[in-house]
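Could you put the whole structure together from the sequences, leaning on the hints where they help?
Chains as they are written, first to last, in the numbering used here: chain X, 26 to 404; chain P, 8 to 398.
Hints in this document: simulated from the structure, not taken from any laboratory. Accuracy of the hints is not assured; some may be wrong.
Here are a few chain P residues that sit away from chain X, every Cβ distance over 10 Å (derived from the structure) [stated by the list, open to error]:
#, residue
1, 23
2, 53
3, 93
4, 130
5, 141
6, 213
7, 229
8, 294
9, 311
In silico DSS-like pairs for lysine-lysine, Cα to Cα no more than 25 Å straight-line [stated by the list, open to error]:
#, chain 1, residue 1, chain 2, residue 2
10, X, 259, P, 291
11, X, 220, X, 62
12, X, 398, P, 291
13, X, 398, P, 20
14, P, 20, X, 29
15, X, 229, X, 215
Quick caveat: nothing in here was measured; it's all calculated off a predicted structure. C-beta: ideal position from N, C-alpha, C; glycine also.
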Amino acid sequence: MDIKFTEEQQLIRKSARQFLMDKCPSSLLREMVEGTKGYSDELWRQMAELGWMALIFPEEFGGTGGNFMELILLLEEMGRACLPGPFFSTVVLGGLTILEAGTKQQKQELLPKIAKGELIATLAITESESDYDPSSITVTAKAKGESFIVHGTKLFVPNAHVADYLLCVARTEKGKDPEDGITLFVIDGKAEGIKYTLLNTMAKDKQYEIFFNKVRVPKENVLGELNKGWGLLKKILQKAALAKCAEMVGGGQQVLDMAVSYAKKRVQFGKPIGSFQAIQHHCSNMLVDLDGCRWVTYKGAWMIDEDIPYEKEVSIAKAWCNDAFRRIVALGHQVIGGVGYCEDHDMPLYFRMGRMAEITFGDSDFHREIVAKQLFSAG
Amino acid sequence: MNFNLTSTPEEEKFRQEVSDFLDKELTDEIRRQYAIDKGLGPEGRAFALKLGAKGWLGLGWPKEYGGSDGSIIHDFILVQEFARHEVHIPNEVARFMSGPTILHHGSEEMKREFLPRIARGEIEFGLGYTEPPAGSDLLAMQMVAVEKEDCYLITGQKTFNTESHYADYHWLAAKTDLNAPKHESISLFVVDQRSPGITITPIWTLGGERTNEVFYDDVRVPKNRLVGEKNRGFYYMIEALNYERLMMSQTERLVPILNRIIEYTRQTRRNGKLMTEDPLVRNKLAQMAIEIEVSKCLEYRAFAMLFEGRSPDYESGISKLFISELYQRLAYTGMEILGFFGRLDEDSKWVPLRGEISRLCRMSVVYTIGGGTSEIIRNLTATRGLGLPRN
Chain X
26 MDIKFTEEQQ
36 LIRKSARQFL
46 MDKCPSSLLR
56 EMVEGTKGYS
66 DELWRQMAEL
76 GWMALIFPEE
86 FGGTGGNFME
96 LILLLEEMGR
106 ACLPGPFFST
116 VVLGGLTILE
126 AGTKQQKQEL
136 LPKIAKGELI
146 ATLAITESES
156 DYDPSSITVT
166 AKAKGESFIV
176 HGTKLFVPNA
186 HVADYLLCVA
196 RTEKGKDPED
206 GITLFVIDGK
216 AEGIKYTLLN
226 TMAKDKQYEI
236 FFNKVRVPKE
246 NVLGELNKGW
256 GLLKKILQKA
266 ALAKCAEMVG
276 GGQQVLDMAV
286 SYAKKRVQFG
296 KPIGSFQAIQ
306 HHCSNMLVDL
316 DGCRWVTYKG
326 AWMIDEDIPY
336 EKEVSIAKAW
346 CNDAFRRIVA
356 LGHQVIGGVG
366 YCEDHDMPLY
376 FRMGRMAEIT
386 FGDSDFHREI
396 VAKQLFSAG
Chain P
8 MNFNLTSTPE
18 EEKFRQEVSD
28 FLDKELTDEI
38 RRQYAIDKGL
48 GPEGRAFALK
58 LGAKGWLGLG
68 WPKEYGGSDG
78 SIIHDFILVQ
88 EFARHEVHIP
98 NEVARFMSGP
108 TILHHGSEEM
118 KREFLPRIAR
128 GEIEFGLGYT
138 EPPAGSDLLA
148 MQMVAVEKED
158 CYLITGQKTF
168 NTESHYADYH
178 WLAAKTDLNA
188 PKHESISLFV
198 VDQRSPGITI
208 TPIWTLGGER
218 TNEVFYDDVR
228 VPKNRLVGEK
238 NRGFYYMIEA
248 LNYERLMMSQ
258 TERLVPILNR
268 IIEYTRQTRR
278 NGKLMTEDPL
288 VRNKLAQMAI
298 EIEVSKCLEY
308 RAFAMLFEGR
318 SPDYESGISK
328 LFISELYQRL
338 AYTGMEILGF
348 FGRLDEDSKW
358 VPLRGEISRL
368 CRMSVVYTIG
378 GGTSEIIRNL
388 TATRGLGLPR
398 N
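Following this line, the structure appears as structure tokens:
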């Protein structure tokens, strides 16, 4: 048993925290969130210089060969800073999927660009009838000569408006099993026939509706095996779910820090409110929830790195983090009171972030059902 | 990073050896005795001696005091395996509370007198801390030990001393200085539980367990039964707390209980369908599996800190807090699943799972009270873990 981080891992965490504290103040955060682009080119460039986009990719594809735990620690700091922008969609959703399933040529062409911060990507899965269910995939891709013709509507695609490439989950065949006949495609974001419409969400996080109007995609842009895309997607979704947990761990830490520092300063009835047991217990409950989030997430990352089957543990982590992060933010609001209800405080940013994080890559009921399937199938 | 219980071949071999031993030696009767009456029957006692003979009750203690090779990781592996096999370590108070403190602070004479017998599985201690006016506020205790020429004379009352009616010795905290600051006024003693002047009366609890009131009326305790230095008792108690908490409650104990509830839903039809097909049942049980995993992570984290030589503080506290509250949630989840049948006494022909869920539901009430109430742990977490001001 060993819960120590390597020196490399500690360094990543420390430098990421410092960088984001210095370069991403609340004012810039708000500017990015309110702007149409959703991020700052300058900040993006600096992140690339620090090697953040290269971290998880092997050296042969322009990366620095970091492990999943290191990515988790980086994402934790991004969550702590409530950093908006296309890092997650590019590296986790785009990059990891390409790394997992791409041909050598696809990897050589796309990954080094991602690693340098020169390429933005995203993944289009969700449709109108379900979030992450194969039977609801109705966007079609029909073979025609040397191409596929992709047609239909995708929803809640993050950062689609700035994406150079869209990874799109489409139905190429109707089989008996809804998981069969699904294929992933790499689609040029500027391809003819694509229409983007912004979906304004609580978190203002640049989610898009994409209408593919008979978009022509070359056959070599199939990602992974034809008709067998769902298995790949399930794997990516689990990794993405754990990556989302890491953001919630960081966000939860920031909310707790804000609550505790406020409770130490704020005086009522002649005393700092943090000396009252009612407030202390709120803060302790936040810490218990947060520590739970933190260590189930790290355990999931360890399992991914060790290649131990991780489906159940990742679902456990996501279900717990969803619920716990909601409680942490609610208690944070309770401690900080009216001040934290105002939009010029940072609390609303984390509240809004939480509402998106808890649904993205599976809400708690979704993941509890994955856990239940494992419980009832074993033994 | 490594979340496995064992991380070397040697540790894994030890775990396997313990597991094999328990598979072979544990009978339903021994399990019953440990669950219901503290392992006091002849089978339970014989089992304790066998463990002693294996060297597993003195792991990491010096050989001269009856100890055997091993370290704290072996203790942890041992308790985890026992938890997985649903049995308690015999003489838990002696092994995990009194023994280590005697080892660290006791006189040479005291070490030689008690440690080998604890390591052989022969003796148990009864915990003697709580008093009617001193529950969470332990420093409010009033039992007084007056130093005389040849002995201490002890008078006062203890309560909720759960082991006293069968323990051989009383691990007693009493005031030895009435003028000093409270935390420098308490000493620890090893008292022969059958000494003249001690009266033990039972208290029966909701969980069916017996605990006791223990009255001292001018009880003579030899001076060499003072543990370590006079007036340092409170520090010894606090110092031992992390290890005790981690050794005496394991999340692993909840796993077989959840598994049996799951098995029950596989075999039970309710409202026209198998319970496993009911989404509400699935959701509830999945939530229990989730919380068990979270609890395990918190427990391993606290232990790993101890193992690395860092002293866990609030970390071991919240591990206990989480496990104890989870016991109650699991018990109520079980009660919801078992419905009317879960309310039956264990001798009913209709009772599922031998009545263990009803028993757990009653017994777990005290888990969030004993060994530091949930509220006290939350207070300490706030002040020590988060640096909030003391009231």
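Exercise. Checking the smallest CB distance to chain X, is residue 23 of chain P really beyond 10 Å?
Worked result: The claim holds: residue 23 of chain P sits with its nearest Cβ about 17 Å from chain X, beyond 10 Å.
Exercise. Beyond 10 Å from every Cβ of chain X: is that where the Cβ of residue 294 of chain P lies?
Worked result: Per Cβ check, residue 294 of chain P is inside 10 Å of chain X; nearest 6 Å; violated.
Problem set entry | No chain X beta carbon within 10 Å of residue 130 of chain P's | Correct as stated: the minimum Cβ-Cβ distance to chain X is 31 Å, above 10 Å.
Exercise. Is it true that the CA of residue 229 of chain X sits at most 25 Å from the CA of residue 215 of chain X?
Worked result: OK: residue 229 of chain X and residue 215 of chain X at ~23 Å, within 25 Å.
For this session: Could you grab the alpha-carbon distance between residue 398 of chain X and residue 20 of chain P and see if it respects the 25 Å cut-off?
Result: Between residue 398 of chain X and residue 20 of chain P the Cα gap is close to 32 Å, so the pair fails against 25 Å, i.e. violated.
For this session: With a cut-off of 25 Å on the C-alpha distance, tell me whether residue 20 of chain P and residue 29 of chain X pass.
Result: The given pair, whose Cα atoms are some 24 Å apart, holds under the 25 Å limit.
Exercise. Beyond 10 Å from chain X, beta-carbon-wise, is residue 53 of chain P?
Worked result: Since the minimum Cβ distance to chain X is about 32 Å, residue 53 of chain P lies beyond 10 Å and the statement holds.
Exercise. Is the Cβ of residue 311 of chain P more than 10 Å away from each Cβ in chain X?
Worked result: Violated, because the least Cβ-Cβ distance between residue 311 of chain P and chain X comes to about 4 Å, which does not exceed 10 Å.
Problem set entry | Minimum Cβ distance from residue 213 of chain P to chain X greater than 10 Å, as the annotation requires | 25 Å, holds
Exercise. Checking the smallest CB distance to chain X, is residue 141 of chain P really beyond 10 Å?
Worked result: 20 Å, holds
Problem set entry | Proposed proximity, residue 291 of chain P with residue 259 of chain X (alpha carbon, max 25 Å) | Distance ~24 Å between residue 259 of chain X and residue 291 of chain P Cα, so the pair holds.
Exercise. Does residue 220 of chain X pair with residue 62 of chain X here, judged by a C-alpha cut-off of 25 Å?
Worked result: Holds: residue 220 of chain X and residue 62 of chain X sit about 16 Å apart, inside 25 Å.
Going through the hint list in order, the structure does not satisfy hints 8, 9 and 13.
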